[in-house]
Amino acid sequence: MSKINQLFKEKPNRLCSVYFTSGYPNLNDTTTVIKGLEAAGVDFLEVGLPYSDPMADGPTIQESSSVALKNGINLDVIFNQLEEIKDEVNIPLIAMGYFNQVVRYGAERFCQKCQSVGIETLVLPDMPMIEYENTYKAMFAKYGLSNVFLITPQTSEERIRKIDEMTDAFIYVVASSSITGAKGTISNAQIDYFNRIKSYNLKSTLIAGFGISSKDTFDTVCNHVNGAIIGSAFVKYIGANGVDNIDAFVKDIIG
Amino acid sequence: MSKFQVDEHGYYGQFGGAYIPELLYPNVKELEDNYLEIINSEAFQKEYLYLLKQYVGRPTPLYLAPNLSKKYGAHIYLKREDLNHTGAHKVNNTIGQILIAKHLGKKRIIAETGAGQHGVATATVCALMNLECIVFMGEVDIKRQAPNVARMKMLGAKVVAATSGSKTLKDATNEAIRDWIQHPEETYYLIGSVVGPHPYPDMVARLQAIISEEMKWQLKEQTGKENPDTIIACVGGGSNAAGAFYHYMDDEEVALVAVEAAGLGINSGESAATSQLGQVGVIHGSKTILMQDEYGQITEPYSISAGLDYPGVGPLHAHLFESGRGTFMNATDQEALDAAFELTELEGIIPALESSHALAVLGKMDLKKDQVIVINLSGRGDKDLETYINELEKREARNHE
Chain A
1 MSKINQLFKE KPNRLCSVYF TSGYPNLNDT TTVIKGLEAA GVDFLEVGLP
51 YSDPMADGPT IQESSSVALK NGINLDVIFN QLEEIKDEVN IPLIAMGYFN
101 QVVRYGAERF CQKCQSVGIE TLVLPDMPMI EYENTYKAMF AKYGLSNVFL
151 ITPQTSEERI RKIDEMTDAF IYVVASSSIT GAKGTISNAQ IDYFNRIKSY
201 NLKSTLIAGF GISSKDTFDT VCNHVNGAII GSAFVKYIGA NGVDNIDAFV
251 KDIIG
Chain B
1 MSKFQVDEHG YYGQFGGAYI PELLYPNVKE LEDNYLEIIN SEAFQKEYLY
51 LLKQYVGRPT PLYLAPNLSK KYGAHIYLKR EDLNHTGAHK VNNTIGQILI
101 AKHLGKKRII AETGAGQHGV ATATVCALMN LECIVFMGEV DIKRQAPNVA
151 RMKMLGAKVV AATSGSKTLK DATNEAIRDW IQHPEETYYL IGSVVGPHPY
201 PDMVARLQAI ISEEMKWQLK EQTGKENPDT IIACVGGGSN AAGAFYHYMD
251 DEEVALVAVE AAGLGINSGE SAATSQLGQV GVIHGSKTIL MQDEYGQITE
301 PYSISAGLDY PGVGPLHAHL FESGRGTFMN ATDQEALDAA FELTELEGII
351 PALESSHALA VLGKMDLKKD QVIVINLSGR GDKDLETYIN ELEKREARNH
401 E
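Chains as they are written, first to last, in full-length UniProt numbering: chain A, 1 to 255; chain B, 1 to 401.
Excised from the complex, chain A in its bound form (with noise of 0.2 Å):
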């Protein structure tokens, strides 16, 4: 079993995922970031590939990833930052990033990679479903890597339905019709969206992530689905305090 798999049935709920851009704010902080991640209780990790043209993050990543381009990111910086540390980290790591950065680094070669530092799961927000039938789900299967799928409140039914049955690992419910961003809140219309993702019982484990940014979200959407992951709220805390304090970033959120 994946060690993402092992987790969800150790721990049903409340699960917490951070995601990070690599590389950022300084080039040599991935390493730090996973590591205090960990230590703080964090339960995966989504290890951010940046890329030049985010299109489906909002500015706060855009911005990070750009810093951390420009900082010397790349693809193999960032497997060699994983390789260095693959043997202290435990918890499961997830690599998001873009379908042309798969593309262009050679598919088969970027699994080979992946499965030699640790990360057994994926996310390509732009990776159509048809070329993953067709292509990629049977090359990922052959290095251990699962992909996750997003859904999001205008998804319906039956493409939600075809997704649980593709899943191996977990499904990312965007949890706003917005892009990532911290918005404090989360509203009734999201509240009615988890719930009637739920009234479909649905065998993959949700996770939602977009907007979520403190204890007070954090708890709201913990009360619905599976877990949630923080993104935006983190980079533009490591952006503005350094990667020194995480633990006191995390504990204000899981408590």
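Hint data in this document are derived by calculation from the structure and do not stem from the laboratory. Heads up, the beta-carbon is just placed ideally off N, CA and C, and yes, glycines get one too. Hints should not be assumed to be uniformly reliable.
[As the list claims (entries may be wrong)] Stretches of chain A that chain B covers, calculated by requiring three or more beta carbons in the stretch to come under 8 Å of a beta carbon on chain B:
no. : region
1   : 50 to 56
2   : 67 to 75
3   : 96 to 104
4   : 124 to 130
5   : 152 to 158
We have chain A; now place chain B onto it with these hints.
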């Protein structure tokens, strides 16, 4: 079945498709499910053609340029898209898409723009149809295309500056897509070129196809034959070229020449000649050829012409390039400027900088005396006057020495 039309899955050969975040899937699917039915309906055709005739001023002339022909020793015709209302071919597409948006019940229109021609054409049809209009434009382009920014504002559009990356067309497109993600239900994204996820490239090509449809009967009228030997058009994303090539793609006797912007030179590091510098990848929702580094990071392009300053090319053009059906040439900033001055002096027509790239390859081609060439003069040069005035001053200073 045409070899060069989009297939049922939204691909041109290996290019095209819809590489979009899940957040945009319902919007794109809605459009994909409806666009052909809408475009082919009698009601749409009637209104579209009426507006093109009475509002835009079509058909645009096909003009045999006598002095240019004499200079280059061939029969050179100009398809006068510069005479369209708003000053370029862009309005053919915006008229069509605004009718589609209305049919889908959308109230809020967003668009990206490079040179500002598409922004103006979008703001124009939004004024006509009384719809809210927001145009995203790179900060650099806002500065170099000031007259078009003023026109958009006068037409009631809100112009939003894109301040990321190279602050040009690519970044304006990113911002437009972001906005679309934030407002998926009420918003229609009116894309200005044959780029973006399927069905946009096919939809925009169909709406620009009026250019080559007219060329056919105009050539027949003037030369006795529907087919020219060669069609030349500039390519950024490639919408005017798609329109000029559309009805000729399967007539392989007609040479299709696409001209890209070489900027300061192909190998100068300051260029936008995608087919020469790019590799296969994904940009703005479609698989195509794009300028990128070894890690798939999209390279910042450069051209003097804001309309050609784009690191990708529409998937149709990537297919024409890869299959060899299209001939891809390029022109530098200076060559385009020289061609603009030449056309102005010889024919009394001031072309847009974009279209000047198409004119600039005449001197690089091996032309025959009886060769019939159509150059798609996609836009007029009013918006580029500041650039032209700078060039004029340089020329005057040189003459003075």
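* Earlier hints that do not hold, by number -> none
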